[in-house]
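S.K.: Listed below are the residues making up each chain.
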Amino acid sequence: MGVVANGGHPGGTFSCTDILVALYYGGILHFDPHNPIWDERDRFILSKGHAGLALYPILADLGFFPLSELKSFGSRFGINPDNINVPGVEINTGSLGRGLGIGAGLSLSGKIDRKDFCTVVLLGDGECYEGSVWEAALFAAHHELNRLVAIVDYNRISALDFTKNVVRQEPVEDKWKAFGWNTVSINGHSFTEILRVLKDIHDPKSNKPLAIVANTIKGKGVSFMENNPSWHLGVPRGDELETARRELTR
Amino acid sequence: MKQDEFRDVLFDEIHRVAAKDDRVIVLTADMGAIKLAKFKESFRERYINVGIAEQSGISIAAGLALRGKIVFVYGIVPFITLRCFEQIKVDLCTMKLPVTVIGIGAGFAYGLDGPTHHAIEDIAVMRALPEMTIFSPSDPVSVEQVTRIAYASPGPKYIRLDKGYYSVIYKTEHDFSLGLAVHRKGEDVTIISTGTMVHNALAVSDELAKQSISCGVVDLYRIKPVNAPLLLRAVEGSKLVVTLEDHSIIGGIGSVVSEVLADNRVSVPLKRIGVNDQYSFTYGNTECLQALHGLGVNAVVTKLICELRKL
Chain A
1 MGVVANGGHP
11 GGTFSCTDIL
21 VALYYGGILH
31 FDPHNPIWDE
41 RDRFILSKGH
51 AGLALYPILA
61 DLGFFPLSEL
71 KSFGSRFGIN
81 PDNINVPGVE
91 INTGSLGRGL
101 GIGAGLSLSG
111 KIDRKDFCTV
121 VLLGDGECYE
131 GSVWEAALFA
141 AHHELNRLVA
151 IVDYNRISAL
161 DFTKNVVRQE
171 PVEDKWKAFG
181 WNTVSINGHS
191 FTEILRVLKD
201 IHDPKSNKPL
211 AIVANTIKGK
221 GVSFMENNPS
231 WHLGVPRGDE
241 LETARRELTR
Chain B
1 MKQDEFRDVL
11 FDEIHRVAAK
21 DDRVIVLTAD
31 MGAIKLAKFK
41 ESFRERYINV
51 GIAEQSGISI
61 AAGLALRGKI
71 VFVYGIVPFI
81 TLRCFEQIKV
91 DLCTMKLPVT
101 VIGIGAGFAY
111 GLDGPTHHAI
121 EDIAVMRALP
131 EMTIFSPSDP
141 VSVEQVTRIA
151 YASPGPKYIR
161 LDKGYYSVIY
171 KTEHDFSLGL
181 AVHRKGEDVT
191 IISTGTMVHN
201 ALAVSDELAK
211 QSISCGVVDL
221 YRIKPVNAPL
231 LLRAVEGSKL
241 VVTLEDHSII
251 GGIGSVVSEV
261 LADNRVSVPL
271 KRIGVNDQYS
281 FTYGNTECLQ
291 ALHGLGVNAV
301 VTKLICELRK
311 L
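Order-wise, the sequence lines are chains A and B. Everything in the first sequence is counted per our numbering, starting at 1 for the first residue and increasing by one. Everything in the second sequence is counted per our numbering, starting at 1 for the first residue and increasing by one.
Rather than coming from a laboratory, the hints here were simulated on the basis of the structure. There's no promise every hint is true.
As the list claims (entries may be wrong) - Straight-line Cα separation of at most 27 Å, DSSO-like style, residue types lysine-lysine; simulated pairs:
no.	chain 1	residue 1	chain 2	residue 2
1	B	K96	B	K224
2	B	K20	A	K115
3	A	K115	A	K208
4	B	K35	A	K111
5	A	K208	B	K40
6	A	K111	B	K96
Go ahead and model the full structure; you've got the sequences and the hints to work with.
M.R.: Right, dumping it as structure tokens:
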């Protein structure tokens, strides 16, 4: 899709693909592709919307819309998913730092209405430079939104460089803990670990929201993209494209 | 008779609708009001103080509205519009959510607090947002009515609210869905104003009447979408059109009226009176700062007479 439309953010897309697969195919999220606005559904917010290329094929495969419609990537479907054109997408994305606040609002509305749905927000680590993320983190802990889950795609690379060279973020997990969240760090490419930490989100044992620091590899699965800041965005061509396709389908 | 402060009139109206509709929720960015405290007392679960955190406040409001809540978010004008402008754009406007942003402190209402608190750019930026409706009421009656309209209508709204006490202008029935009211029809000049500057406009009209100058006054209480046909009818026959606002001369109602006149090929002399393109580091109460910026009654009267002499 990205190659055809000549756009996309492959690095951050591949770093969170395993997490999305676990959420949608691992029995974690409750949803109905035939009724995307079912009120009891769990809400998944791809706050790092630039990884939309990871979400579209999953939604299509699950039947939210026909797979053939993915051909309209670059026209009806943009790099950043929106809820105007794409069934199954909860919010308009593109600008960073808003997903957790919206997720907190959704989660609070569920709490007010005594609903059991969960809200899962996937954040980029670079996105966590936005102060609004931490405003929302304070709010969620204060209001004991224990059906709210934040997953940080911690690939350690922002748009231009490694985060340790941009503005240091460590210790990431401790920051969420200090903001009043339950926290856990996992390998974000291990289905076993992802499913283990998400399996109880519908039956929270604590009043705190849950932050998962998912250690990931930017560009995961494509050797020349892995851990390479140059592939935050870009489109592989020629030999690179052949290599990427071969490695991803291996 | 002393009136309630605008914000108390507004929160009283929200209290009334919330009593009948449990979808109504109020978020405040740590700003208070007597009648907001009453709302909190009545609807504890539907009163949320997000703290001095306007950006996440708008996003949280959007999340609530996505599940069918009707949300009012309250803060001081520059902070609840400019600080979180992008959240208003993306979270509220692109998703067309029924969230009403209530900005307290139009123009120089927070005169003593300096330029951080002066609200002179909000109309310009908020009206650039597609889907946004902007209300700027002038008296307690219009505050109550636009609040009710904001509650009942879809999409994002912004209510620009002055601080303090202002007397009733709307003493007879008026249909507030029209977007503007012609309080006086003028043959020589028509002043189009908004918010509590309408009171200044009426006082200017009184002064000019003493000099046998017929001065009309139009209250543009809904700035966007502007009712262009009605606005054009309101200025028909006037030799001079004047806009008067406690907002930057750039992008406010002077710009709105200019656009309406130009787009409709109406050629009439227009004088825009507002805050010149500068920040004010002189501190004082509203009246003092309005006078300093040439928005007081005497200054406007002088300017109008000067403009009329040019005709």
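S.K.: Could you work out which earlier hints the structure fails to respect and list their numbers in ascending sequence?
M.R.: Of the numbered hints, all hold.
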